[in-house]
Structure formats: structure tokens, C-alpha cells
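Student: Listed below, chain by chain, are the residues.
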Amino acid sequence: MTISPEKLLYCESHEWALADNGIATVGISSFAVSELTDLVFMALPKMGQRVTAGQEFGEVESVKAVSPMYSPVSGEVIEVNSGLADHLDILNTDPYTQGWIMKVKMSDPSDLTKLLSYEQYKSQTGA
Amino acid sequence: LSSNLVVQRDGAQTGELNMAIDQRLLEEAGRSDQVVLRIYRWSEPTLSLGHFQNSKDIPTQAPWGCLPQVVRRTGGGAIVHHHELTYCLVVPHSCQEPGKQKGHSEHLYRVVHDALASSLRDLEWNAQRSEDCTCRVSSIQSGDSQHSLSKEPKTSPFLCFERRSPVDIVVQQHKVIGSAQRRGPGGLLQHGSILLRASPSAPQLLGLLDFPPRKHSSAHADCDAIDWDFWTEWLVVAVKQALETGIPGLARSHH
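Note that the protein sequences, when read in sequence, are chains G and H. Take the first sequence: its letter number 76 is residue 76 in the working numbering, and every next letter is one higher. Take the second sequence: its letter number 54 is residue 181 in the working numbering, and every next letter is one higher.
None of the hints are false.
Below are the SDA-like pairs computed for lysine to any residue, each with C-alpha atoms no more than 20 Å apart in a straight line:
| # | chain 1 | residue 1 | chain 2 | residue 2 |
| --- | --- | --- | --- | --- |
| 1 | H | K367 | H | L250 |
| 2 | G | K114 | H | P312 |
| 3 | G | K7 | G | L116 |
| 4 | G | K46 | H | H178 |
| 5 | H | K183 | H | E289 |
| 6 | G | K7 | G | T97 |
To be clear, the hints were calculated from the coordinates, so they are not data collected in a lab.
All chains should be built: construct the whole structure from the sequences, respecting the hints.
Tutor: Right under this line is the structure:
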């Protein structure tokens with residue numbers, strides 16, 4: 001299934017979320033990937049890890065900076081895209097489908113109401 | 128926007144304390160529009176690892192491998208802190224590009240490094256941007272810690288001063304100033320390192336004072352002693368000038 005960026009919700013800090021049946025798939029936007037430029041490392045969350053909306057769940061290192069990744073929702077990590085670990089270049093080509101990072105069983109679906117729509121996010125980034 | 132520059136001269140501290148102070152400065156960033164410049168040394172020769180580096184990857188024969196170690200919050204390669212001056216510059220997000228919360232600030236790198244290089248040229252060192260790059264995009268591997276931490280690929284030099292990025296400052300092709308950044312919720316931290324003289328633990332990495340300037344200057348002592356006070360004040364003046372030029376609204380400083 002191809003995920004269209006228009007159907008996603010976004011954090012101001014450039015993470016996206018797609019909710020389905022209480023499960024949120026999470027990644028980082030193409031704008032974030034372009035800001036990061038050359039990706040070097042990524043610290044992924046662990047299965048079973050509790051994440052909190054607005055709090056750090058992982059880190060990404062580009063050539064000249066370490067940047068935190070913030071979770072759009074609260075809940076438990078039930079799946080991690082471990083394949084991403086060996087192919088960070090996927091984020092350059094397909095950040096919304098193959099480039100998802102984690103799936104979270106949401107503890108509070110109202111977290112989604114605090115996120116930006118595609119149009120709002122596009123306005124923020126000027127993209 | 129009206130920001131204040133707070134200058135903190137901390138002298139020599141242990142590695143753990145230096146990193147803890149910097150971390151706290153980053154955590155406090157964004158609570159005000161203050162920009163903080165902290166300048167410090169290390170109470171003993173210390174190896175600081177980049178955030179994603181693993182001490183298990185230190186080459187077995189490296190003389191610097193037996194130094195006390197700390198891990199920086201910033202990435203990049205390891206640094207031998209010996210005859211070296213370190214700065215930590217914390218800039219709130221409100222003073223930077225709006226909406227940018229990922230990746231590095233090329234602007235901050237350039238304004239600071241250009242000011243430092245210019246100031247070195249005033250002291251008759253032929254300091255230039257590297258304009259070279261050993262950057263590489265690589266994969267990551269899983270680990271056993273809280274996150275699935277990646278390991279440093281073997282292809283990149285372990286030491287920061289053996290790597291090159293275009294904004295690094297070099298003298299006679301030797302890197303003498305390097306830096307790395309980390310973003311936090313309220314701001315951005317830039318760690319910078321000015322290599323003043325080669326350390327016996329890493330003699331291949333020459334510092335500024337290992338190169339005679341084109342003509343004698345007060346910055347170049349013809350003896351082994353390093354005038355730390357001179358270099359600290361040199362750094363304060365150069366960074367302050369960089370910020371006032373590069374970050375509009377940085378109006379006044381507090382010492």
C-alpha cells in the first residue's frame with residue numbers, strides 16, 4: 001500500500017502519523033529528510049517501548065548534527081521498521097511508505113487532534 | 128528579537144562535568160532568548176566520543192585509546208582534548224530559522240567558522256575553510272542498548288580531526304577547528320574544538336601553534352606554554368562578532 005503525504009498528520013517537528021484502528025504508523029517527512037541532508041545513523045525505538053506524544057523516541061544523525069525524533073502519539077511501540085536501519089537511503093526516496101519508522105498502539109487517540117493537517121504542515125514548511 | 132549573549136568562562140573541568148554542564152545548557156535553551164557561549168578546557172587529557180561512537184571501535188594500538196573517555200551529545204568523530212580549547216554555543220530556536228527542528232544549521236557553522244578563520248588570518252595564520260569532505264552516507268546496525276544504537280562504520284576515521292567537512296578550518300591542510308551540532312527541544316548546541324598544539328597521545332594531529340604564523344604575533348608563544356587566557360578571549364571576541372553579524376538582534380552581552 002502506498003501512503004500519500006496528503007492523508008497524513010504532522011508534528012511541527014516534522015514527524016508524520018497515519019492512524020488506523022488504534023495503531024499509528026510514524027515516520028519523518030520528506031521536508032525533514034531534506035533538512036537533515038546526508039543521513040549517517042539512526043537510533044530506532046525498541047519493541048515494547050512506551051512513547052509519549054511530543055517526547056523523544058529516537059535520534060537521527062546527519063553529517064553535521066544529531067537531531068531528536070519526537071513521537072506524534074502516546075502508546076506502546078508494537079513494530080519497528082528494522083530494515084530501515086540498513087537502508088537509510090530509503091528515507092530519501094520513499095519516506096512515507098517504505099520509510100516508516102515505528103507503529104504505535106495508541107493509548108490516547110485524542111493525541112491526533114493536536115497534529116497538523118497536510119495543508120497546515122505545508123503552510124508551515126513553505127513547501 | 129532582542130537576544131543576550133551570556134559568556135561563561137569555565138576553565139578546566141573533568142570530562143563528565145563538562146558534558147553535564149553542556150547538557151544542562153541545552154535543556155534550558157528556549158526558556159529565554161539568551162544565547163550562551165561556554166568556553167572550557169579539560170582537567171586531564173580526555174577522549175570525547177561522538178554521540179554514536181562506540182569505545183569498542185577504538186583502534187587497539189591507538190595511544191589515545193587509554194585516555195579517560197566521555198561521550199558527547201553531539202555527533203561526529205572522537206576528539207583528544209589535551210592542548211585544545213572547547214566551546215559550547217547554545218542558540219535558542221527563536222534565534223534561528225523558523226520551523227527548522229531537524230538537521231544542522233549551516234548558517235551557524237559558517238558564521239562562526241568564518242569569523243574564527245578571519246580572526247586567525249588577522250593573527251597571520253593562513254586559515255581557510257577546508258572545502259573538502261570525508262562525509263559519507265552509510266547504513267546503521269542494531270545494538271543492545273535502550274535504542275537500537277548504530278555502530279560507526281569502519282570506513283570513516285575515528286578521530287574528528289582526521290575527518291573533513293567543508294566548513295572545517297584548516298591551516299596548511301591540517302584541520303585545526305572543527306565542530307558538531309545537536310538539536311534539543313528548545314535550541315541548538317554547537318560544540319567546537321580549537322586544536323592549539325599536538326597532543327603526545329595524537330602527535331599526527333598538529334595544532335595552530337605547531338605552525339608558525341607568517342610573521343610573529345603575540346598569539347604565538349615560542350615556548351611550550353599555551354596562553355589559555357589569550358585564546359579564551361580571542362574566542363569570545365570572534366564568536367561574539369560572528370553572532371552579532373550572523374544572528375540579527377543579538378544586541379548585548381553579559382559576562
